[in-house]
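Protein chains in written order, with this note's numbering: chain A, 1 to 538; chain B, 1001 to 1519.
Everything labelled a hint here was simulated from the structure, so no lab data went into it. One or more of the hints may lead you astray.
Said to hold, decoys possible - Okay, the calculated beta carbon distance ranges per label pair: (1) A/436 to B/1111: 28 to 36 Å; (2) A/72 to B/1111: 55 to 63 Å; (3) A/317 to B/1366: 36 to 44 Å; (4) A/436 to B/1372: 26 to 34 Å; (5) B/1476 to A/443: 52 to 60 Å; (6) B/1315 to A/524: 50 to 58 Å; (7) B/1516 to A/125: 33 to 41 Å; (8) A/129 to B/1315: 56 to 64 Å; (9) B/1079 to A/317: 42 to 50 Å.
Glycine included, every Cβ here is placed at the ideal spot set by N, Cα and C.
Spelled out from the first residue to the last, the chains are:
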Amino acid sequence: MNQYDAIVIGAGHNGLTNGAYLAKAGLKVAVLERNPYIGGATVSRELHKGWWYSNCSYVASLLRPEITRDLELPRHGLQVVSFGGGATFMRNGDYFGNYSDHDRHYREMARHSKRDANAYDRYAADTSLQTKLIRPYLMRTPPDPTSLKPRDLRDLLEFARSFMDLGEEKLLDTIKFWTASVGDYLNEYFETDVIKAHMAGSGIIGTALGVYSPGTAYVLLHHYMGDVDGNVGAWGFARGGMGAIANALSKAFQSYGGEIICDANVDEVIVKNGRAAGVALKDGREYKAPIVVSNLDPKRTFLDITNPSDLPKDVVKKARNFKIRGSSGKLNIALDGLPVFHGLDPRNRLMAGDLHFSDSLERQERAYDDWKAGTWSKDPYLDMMIPSLTDPTMAPPGKHMMSVFVQYAPPKVEGREWTDEDKDGFEKSVIDQISNYSPNFRDLILHCETRTPREIEAEVGLTEGNIFMGELTFDQLLFNRPFPGYAQYRSPIKGMYLCSSGTHPGGGVMAAPGANAAREILADLKRPNTVPGGYADD
Amino acid sequence: MTDYDAVIIGAGHNGLICAAYLAKAGKKVLVVDGRAEPGGCASTREFAPGFSVSDCAQWLSQFDQSIVKDLDLGSAGLKLGEPKATISLQSDGDHLMLAGDTISGAGVDSADQAAYRDFKNMIRSFAKLMTTLYRGRPPKLVEQNWTDRLTLMKLGVGLKLMGRERLQDLMRIALINIYDVMNEHFSNAALKSAIALDAVTGTNMGPRSPNTVYSYLHRVTGEHLAQTGTTQVMGGMGAFGQCLAAAAEKRGATLRLGSAVQAIVKTEDRVTGVTLASGETVSAKLVISSADPTTTFRDLLGYDQMEAGIAKRVEHYRSRSGTAKLHLALSGLPEFNGVTADQLKERLVIAPSMDGMETALNPMKYRELSQLHTFDISIPTLEDPGLAPTGQHVLSAIVHYVPYAPDIGWEAGKPQLLSQLLSELEAYAPGIGALVSASELIVPSDLEASHGMTGGNWHHGELSIDQALMMRPFPGSTQYATAVEGLYLCGAGAHPGGGLQGLPGRNAAKEILKRGALS
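The following block holds chain A by itself, in its conformation from the complex:
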C-alpha cells in the first residue's frame, strides 16, 4: 500500500524535521531517500574501519533549539558538545588563539595588538545586536513585500518595526552591516592581519565570494546566529558525528509513526490536473500522496524532478538563474596519532577548536582569485578540526579523525568537469598547506577521503556541492529565497512544497526550513499547528 498523506523527498535533516512535524500532526508520512543511508549532508560514515567521518557538514550550532527541545532530540540520543575557541597559524611561526574565556581572549589579542584587544568587546556587542535582530525570524515564514494579504502586511509591518526601533543611526548601521564586505566590516574594528583573517573565515565559508566582496558580512552573521546550550555564537560537535542529528530526527519522526524508505530515487513528481499526486521512482515504483514536499535544492526540484510543463515559465527561468555555486571542498582524514603544529602546545585546548592557516585577508582574497579563475586555491583557506579530541567515539583510542573544510574549490575546473588528476592536485594543495605548519602530519595519514564539488554533488545531491543549497546573497535571502514570490515554501503546483536549505532561512544544519514548511503545509490543510514559533530566549 503506497498511499500516504504526505511524501517528503530527501532524508536530510530538513526532510526529517518536516516529516516529523507532519507526522506529529497525525499525517501518514513517508520520507524517501535516494541513498541507502539517511542524513543527506548531515551524516556520519565509517569510511575507514574504526573511524567515523562527518564527511559533509562537520560542526553544529545553528540547529534551532526550539526544534531540539520540541522534538526531544536529546532523548533520541543527540548530544552536542561545544568546543572552545580555535587558532590561526601564522607564516612567521606564531599563531593567534581564539580563546572562549573572555580574559584569556583579551590577553591573547593584546599579545598581537592592544588596540584590537580593546576593540573586541565593541565588535562583539555590535555583531550580537545583529544576531538578536535576525534570530526571531529564523523560525518564521518571510512575508511577501509584493503581496497585499493582511498576513503579509502585518508581518512586514512587524519586521519593519523591529528595525525602526533601533533608531535612525543604528538602523543605518544595520543596513551597512548587511551589505558590507566582511573585510571592510572587520577593518572598522581591528588592525592586525591575523586577527582579521581569523574572523573573516566565517564570512566566506561556503560562499562564492571573497573577503572583500560586499555581502560577506552577512555570511559571517549567518555563522554567528546559532548557539550551543543557549551560548549564542558557540559551535560544537554532535557526539558520534553529524549523523547523530539525522538519527535523532529520524527517531523522533518514527516515534510519531513516520516511515523512512531508503534506496528510493525519485524520478518525477506526479502532477494530476494541476495538483501534486505523488512521486514516481527511477525504478518504476510509485508512491501516492496529495502532499509532496521536496527537500532537494530549488534547481533539482524545479529542473530535475518536476515536469517543466507543470510549471509556469517564470519559475523555470528563476530556477535556472538561482545561484547555487560550488565553492568548497572537504578532506576527511584518519590519523595514526595527533599532529603537532608549530608554536602550539599539543595539550592546548585550542587544538580541539577550528584551526586555520590563512593569516591575512590578502591571502584569503588571493584564494578567491584562484576560484574566479576556475581553479582550486593554491593557498587554500582551511577550516580544520580534530573532533576526536572532543568526541573519542570518532576514532580508535590514541588515533584521531580530522575534518578539513576547504575554501575555495570551483564547480568546474577551467570550464571542464573535474578529473581524478584534478582531485589529486586539489588534495595535494590541502595536504601541503597543513604540512607547512605540521612536520609530522603527513606521516600520520592512514586514510583520506577527498571530496571536490563533484563528489559532494554526486553523493549528497547538492547542486555544485554548494553547502547552503544556494548562495547567501541578498537576491536569495528572506523573501527572496529561493526566489521572489515563492519564499513561503509553496511551489506553484498545488500540494507541492519546498523544505530545503534553499528556502528561508538557508543552510547550516538549522532544520528551520523543514519546520517552517511544515507549519505552512498544516495551515493549508487546516490542521492544528505542531511547529514551535519564533525564538523566545533572546
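Go by the hints and put chain B onto chain A.
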C-alpha cells in the same frame, strides 16, 4: 554680523550650483577654491604645449536638466557636442556598436538585441523610480518628518506602479553584481562586458562584486535625468566650469579663486566660518563644503573639533578608486582596426570579457600593476579642433584598474604603466605609438593631489549601498546637514553622489533654504 550668509568650500560644479541657487534666493554667498580656475573636476588643462584636455571628468552625460533650466545655462554659453554612440572595440575588428536601444556588430544575434531592449526598459523603469529619490533629499527612515514621509510614500506608490514582476526583479538585482545580471540576460560576451564596464567605471570593483548593479543604476538614473546622451563639452570641461561660475556670479555670488581654505572655524558648538591660506578669516552663518567628507571633516575641521563617534565614521568612510586617466598628444589622427575615420569621434571603449575585467582588477587589490586594462576613450579634437594645433589630435582615456600606491612606487611605476597602456592600445590602433608626441598619465593619487578627491575617487567616496542614498556619506550627517552645527555638505560625497549630475549642489541649496537655515 557675519561677512556672508554662506561660505562654500570648493568651486567645483556642485559648489557653484549650490552658490547659484542660494544667490538666486537672495543669499550673500562666497565661493572659495584653491585652484585658479573654477569647475573643480570640470576642468581643461594644457598638458603639452598646444594640447589641452579635460584633465579630470571627460564626458557630460548625467547633468540634471532641471539645473540647466533653473540656471539658464544655455544662454550662459554651455555648448555640448553631438550625443555619442558607444563602440566597444573587439580584437578581431568586428566591433559592438551601442546607440540608444539598438546594438549591432560583434555577432550579436536578434535574441540579444531583443533582450537588450527589454533590459533597457527594465533599468529605465528603475531609474524613473530613482529620480524621486535623486531630485530631493534622501528621506530619514526613523526620525522622519513629513517631507521624508512624502518621499517614502511617493517611492512606495512608484514601487507598486511598477507591477509585481518588476518589483520582484528590483528586489532581486538591486544589491547583487552586474556579472550575474549580464549572464541572465545576454549570451554575447562583448555586450556583457560593454555594459559591465559602465557598472564598474569610477569604482574599485570588478563585475563580480555586489553593488555593481547599483552603480550601474546610478549612472543610468543620471542619464535619465540629463537626457543629453554621452556628450563632450565644447572647449573642454573647463568651459562647463566657467559657465557655472558665470551663472553663480550673475546671480550675485562672489568667487574667490586661488585662495584655498586652510581650516573650518568652529567656535564653541558651531561652525562660524573659514580661514584662508592667506590667514584671513571669513565669517558666515553656514559653511557649505563641496569638498569630499574626509577632506571636510578630517583635514579642514579636524578630529579634535568633533565627537569621537563622528570622527570614527569619517575614518571608516571609504574612498578607494581604481581610476586613472591617460592623455596623449597625437601628431595625426590614429587608425583603429575596423573603425571608420568618421566613427572615431564616438565613445570608444575597450572592455575585455567580464572575467578578463576581474583578472585586470586582481593585481590592484595587492598594490600591483595589471597587465590588462579597460579604456573609455575620447578623441575630443574631432569635434573641438581648438584643443590641439591644426591637424593634430588629443586622445583622452579613462583607465581601470590602477592602484592608489603600488609597492614599486609611482616613480618606477608610471613609466611601466604608461608603456603597458600604450602596448594595449597598439593592439587595437596599430601605429598609434608612433603618433604620440607627448603623453600624461594621471593616477588616483594625482587626482587626489590636483583635484582634492581623497583616494582619487570621483564620487567623493565609494558609491556602495552602505555609503549611498539615505546613508550618504554616513549616518548622522545625511540630508546635507552634518552632525556639526552650521556645517553642510553639497559635494558628490553627499546624496546622490558623483558623475557630474549636479544634484548634490542643487539639493543641498534647496534643503538649506527649505530649513530656513539662512533666515
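So, going through the hints one by one against the coordinates:
no.: 1; hint: A/436 to B/1111: 28 to 36 Å; result: violated, 50 Å
no.: 2; hint: A/72 to B/1111: 55 to 63 Å; result: holds, 56 Å
no.: 3; hint: A/317 to B/1366: 36 to 44 Å; result: holds, 38 Å
no.: 4; hint: A/436 to B/1372: 26 to 34 Å; result: holds, 31 Å
no.: 5; hint: B/1476 to A/443: 52 to 60 Å; result: holds, 59 Å
no.: 6; hint: B/1315 to A/524: 50 to 58 Å; result: holds, 52 Å
no.: 7; hint: B/1516 to A/125: 33 to 41 Å; result: holds, 39 Å
no.: 8; hint: A/129 to B/1315: 56 to 64 Å; result: violated, 21 Å
no.: 9; hint: B/1079 to A/317: 42 to 50 Å; result: holds, 47 Å
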